[in-house]
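Asker: Just need the whole structure built from these sequences, with the hints factored in.
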Amino acid sequence: MTFLNPAILFGLLAVGLPVLIHLLSKPQLRRIRWAANRFLFESVQKNRRRIRAEDILLLVLRSLLVVLLVLIFARPAFLMNASDPQAGREATTAVILLDDSESMGQSDGIQTRFDQTKTMIDGIISQLAPGSAGALFLVSDRVKAVVPKPTLDLSVLRRTLKQSTLTDRGTDLYPGIKQAVYLLKSATGRREIFVLTDSHLPAWSEIEKIRQLRDEHLKDITMHFIVVGEKGEDNLAVSGLETIGTVSVVNLPLRCAIRVSNFGKSSVQNVPVKLTVDGEAPQDQGMIDQLDPGASKVVNLFVRFREPGYHSITASIPGDRMPADNQRSVALLVLEQVRALIVEGTVNPEPTARDGFFLRQALVPVRPEEVDQYFLKATVGQVNDLDSTAISQYEMVFLSNVPQLNPLGAKNLQQYVENGGALVVFPGPATDLNYFNNNTNLSALLPATLGAAQEPSTPNKTLGWQGRDYQHPVTALWNDPESGNLGSVRVSKYFPLTLKADASSAAQVVVKYADGEPAMVAQPFGKGKVFLFSSTATTDWSTLPVHPAFVPLLMRIMAYAASGSGGKLDLTPGQSFAFEVGSEYAGRNFSVITPGAKERRIVGSVEAGERSAVLRYSDTDQGGAYQLFIGDEPKPKVVFAVLPDPAESDLTQEPKSVIAPLLAVSEPAARPAGGMNETPKTKPLRVPGPEIWYPLVLAALLLALLETALAHRFSQSK
Amino acid sequence: MAEPHSQSYLDPVAIARGESLGILARSVVEGYRVGEHRSPFKGFAIEFAQHREYTTGDDPRHLDWKVLGRTDRYYIKQYEQDTNFVVHLLLDGSESMTYGSDKISKLHYAKALSACLAYLVLLQRDAVSLEVFDTQVRESIPRTNHLGKIHHIMNRLAAFEATEKTNLGAAMFNLARKVRAKGIVIVLSDLYDDEEGFERGLQLLRFNGHEVIVFQVLDPDELEFPFKGRVEFKGLEGAATLETNPADIRKSYLAAVKAMRLRIRQACDRAGSHYVLANTGHSLAETLSGYLVFRHKVCAR
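Protein sequence lines correspond, in order, to chains A and B.
Taken in order, the first sequence gives residues 2 to 719; the numbers are from my numbering.
Taken in order, the second sequence gives residues 8 to 308; the numbers are from my numbering.
In short, the hints are calculated from the structure, not lab data.
Hints are supplied without guarantee of correctness; some may be wrong.
[Claimed, not checked] Where chain B lies over chain A, by a calculated footprint (3+ residues, C-beta under 8 Å):
| hint | region |
| --- | --- |
| 1 | 29-35 |
| 2 | 39-47 |
[To be verified] Have a look at the derived ranges for each label pair, beta carbon to beta carbon:
| hint | chain 1 | residue 1 | chain 2 | residue 2 | range |
| --- | --- | --- | --- | --- | --- |
| 3 | A | R49 | B | R268 | 20 to 28 Å |
| 4 | A | I33 | B | E171 | 14 to 22 Å |
| 5 | B | R268 | A | F74 | 54 to 62 Å |
| 6 | B | E203 | A | L58 | 35 to 43 Å |
| 7 | B | R268 | A | L14 | 50 to 58 Å |
| 8 | B | T170 | A | Q29 | 51 to 59 Å |
| 9 | B | T170 | A | L58 | 42 to 50 Å |
| 10 | B | H303 | A | L58 | 40 to 48 Å |
| 11 | A | H23 | B | H158 | 54 to 62 Å |
| 12 | B | R268 | A | L58 | 32 to 40 Å |
| 13 | B | A23 | A | I33 | 33 to 41 Å |
Given the structure is predicted, the values throughout are model-derived calculations rather than measurements.
Ideal placement from N, C-alpha and C gives every residue a C-beta, glycine not left out.
Answerer: If you want it as structure tokens, here you go:
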């Protein structure tokens, strides 16, 4: 016989505990002056032997109970030959890893892979030998230890398993296996890891590390890799949803590009695509005639918003056996109207020669009689207008050919951007470079320093913008040739831009010249954003103002500037959402309507910040639109969307040939130290067999009952 | 335990009940005054007892003229002579009497019982004497029939404090030797003493013609032994200390106490004496009136 927890045997020292308790309880003696001691002595004399016998019996029973309890916790087990079939029935410390990534939601028509896996795990738990302990990890692109430490109470394991739900996360098995191995290092006896997955390709992205980990612990930990869902890899998914063009404004059509991908092995025809706002009736729908295996198609649909505020747009296709990716949602802020201030640096009586002429035409590209109905209100002003705090009423401020700002204006402008405004700077011939590069307020705002104006060194003295490979979201639209070509923008003179190199700077190049120099740069500042062009907003130095892309470029700048004003609205599964609200909301409860839910659920309270309060929500494992409400307000304070990784929609499994070495389970306890195929030369390896704590527990229970009954009986009057 | 004031020994309820019942002499007593109780001396009082032949010197007034007329013989009529009896209160003042589970100790209870009895006896114009003893007589109040002396008796009782061991047999023996005239001896004690000595004393008193009433004063704790947990019993009167779990010996102890009471009762029965258990948990009135009612019935037969 052996003990699986021999260290617990030190607890046998506690056998003296009953005596110790007896000694410690002595000071609580009651003292009485007594007249009839004669009868007491008679009685004691008469009962002395019986009392002593009872005391000794109780002492022995109690000491025996302590010994039994220590033995139970020490987990005694029979030693037997490793080859004995009973050896396999020894108690096991098992860690079960359940893949809860989005791909596990694939159904065979009856059950999802996730539900099948839960049933299999239930079977594994049932087969564990008595005295086994188990832990349960949910593994996707993160490890969630729902039963973090092995528990002997397997009903807890079953209950937790039953309550586990699927997420829309991606997959990576390695971190979970690594954590399980780390956990089992401190365990004794037989140790096993069960990994149950649909063997989705991303799950094995670190297969070499998994193999290495398995080999390192071949002798002490058995790993079982169980693959579920061998069929049903056909899947049609909404793999992308983007709003195209301008800012989202009430009653203005918003174009949405919906990408539908066929991850199956056969073509599909006539796929209807619907677009809805806030989960209401579809506003627009389209049809994809044919979608070949592995192909994706983009459908452009339009929506309109009746009210300003935060909304969600959801694109959906008919249901299939992988429901999670049959719709995709994005969230956006819809504005009532946009106000822009165009600050001209010079005064020119000729309207077409004014510094803001082209900007105004591009921002309000409608006939004069339609200006009042147009969502964008552009106001042309001078440098002095920046001295007023009234600039805070504008969503955007454009500086065109401005030489210098007044000190107050510069300060106001910095404050304006910090509070969430957008600033677009077009330098020009009048621009004072020294001021732009050295003024404390303005230079802090700008993402780059301006060099002296220069003409291109090309033979025709013009320089074009880059024609492809646009990285920035503002210009990414022109990666599609159907949207036009920014490469035809020409400049005859420009200020070379040098991006700020300090660590705090988040400056990005939006578009470059053909020679690689930045043509336009941008950076966030406070809650706002700043865009700096290297050339003019007039036709003096650049053809941009008369280029067809000028209007959409300004609209995209506007949309990009507006998108980040309250916080990032589109998250990946599991990412925490934070949104700044007024400090008056601090401490109030907020509720959420999660994707697919209809009722609000209170989930927390608004956190107080330094200058504002923050709405923070973290339970974002599920893809779709989330509406957050503060208190009893009827409209959501903010809407955000969780977008699952489209890679999860590709249900292709890792080829079995790749994972075959992992699927072969080894029995380390049965294997001699010399190697897998080596025959033992000495006596057979003895391993712990079945544990015998059950009879000990029974004996302890009986003993406890006997002790209680006898103690009760002995305490009765005699 | 603080000793109560001497006035508190007289329990109004006990006195009221005892007054109506009175203490009657159960047997013939030798009084020193004409009273309510039968005297062994045949005199010429009210109740006819017997005839006696006339001898010289007899008062001719007592001649039974009717007998003389019928028989020509001279006989004198003799009558039962009522007399006042003397009650001797013998109070155990040993240390064992100081035990008390409630506010009052056995000694206090016994003192109160003695005072009430003395008052009742004096009230019906009989005489009372009191002796408080342990190993020897510590307090002695000679025979008195003045009701006014009750205060003196109570003051003496209140002043007494128990500290010594007891020797009940010797006390009874001494009393029997001192008092020649037949009377009533009332013993008030817990009787935690040599039982043989007690029985010998009892028999001697009875032999001398005394009526003996034994009040065994016991505390409810001594009768029920209700203690729980570990208890250290420190013996009074120099007895050893004993630590035990009362539950372990309760039944055995109660059996021992019961057996002791039975032996005492049997000894009293053998001597023709009354045995009364005075449980200090019961009111004094209950104990006293209970016994007096019983006694009234017995004397009426």
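Asker: Hints first: check each against the structure and report whether it holds.
Answerer: Evaluated hints:
1. 29-35: Contact hint for the region 29-35 of chain A vs chain B: holds, 7 residues under 8 Å.
2. 39-47: holds (count 8)
3. A/R49 with B/R268: 20 to 28 Å: holds, 24 Å
4. A/I33 with B/E171: 14 to 22 Å: holds, 21 Å
5. B/R268 with A/F74: 54 to 62 Å: Holds, since B/R268 and A/F74 (Cβ atoms, about 56 Å apart) stay within the stated range.
6. B/E203 with A/L58: 35 to 43 Å: With Cβ atoms ~40 Å apart, the hint holds.
7. B/R268 with A/L14: 50 to 58 Å: holds, 52 Å
8. B/T170 with A/Q29: 51 to 59 Å: Between B/T170 and A/Q29, where Cβ atoms are some 31 Å apart, the hint is violated.
9. B/T170 with A/L58: 42 to 50 Å: holds, 44 Å
10. B/H303 with A/L58: 40 to 48 Å: violated, 57 Å
11. A/H23 with B/H158: 54 to 62 Å: holds, 56 Å
12. B/R268 with A/L58: 32 to 40 Å: Distance hint for B/R268, A/L58 holds at roughly 34 Å.
13. B/A23 with A/I33: 33 to 41 Å: holds, 36 Å
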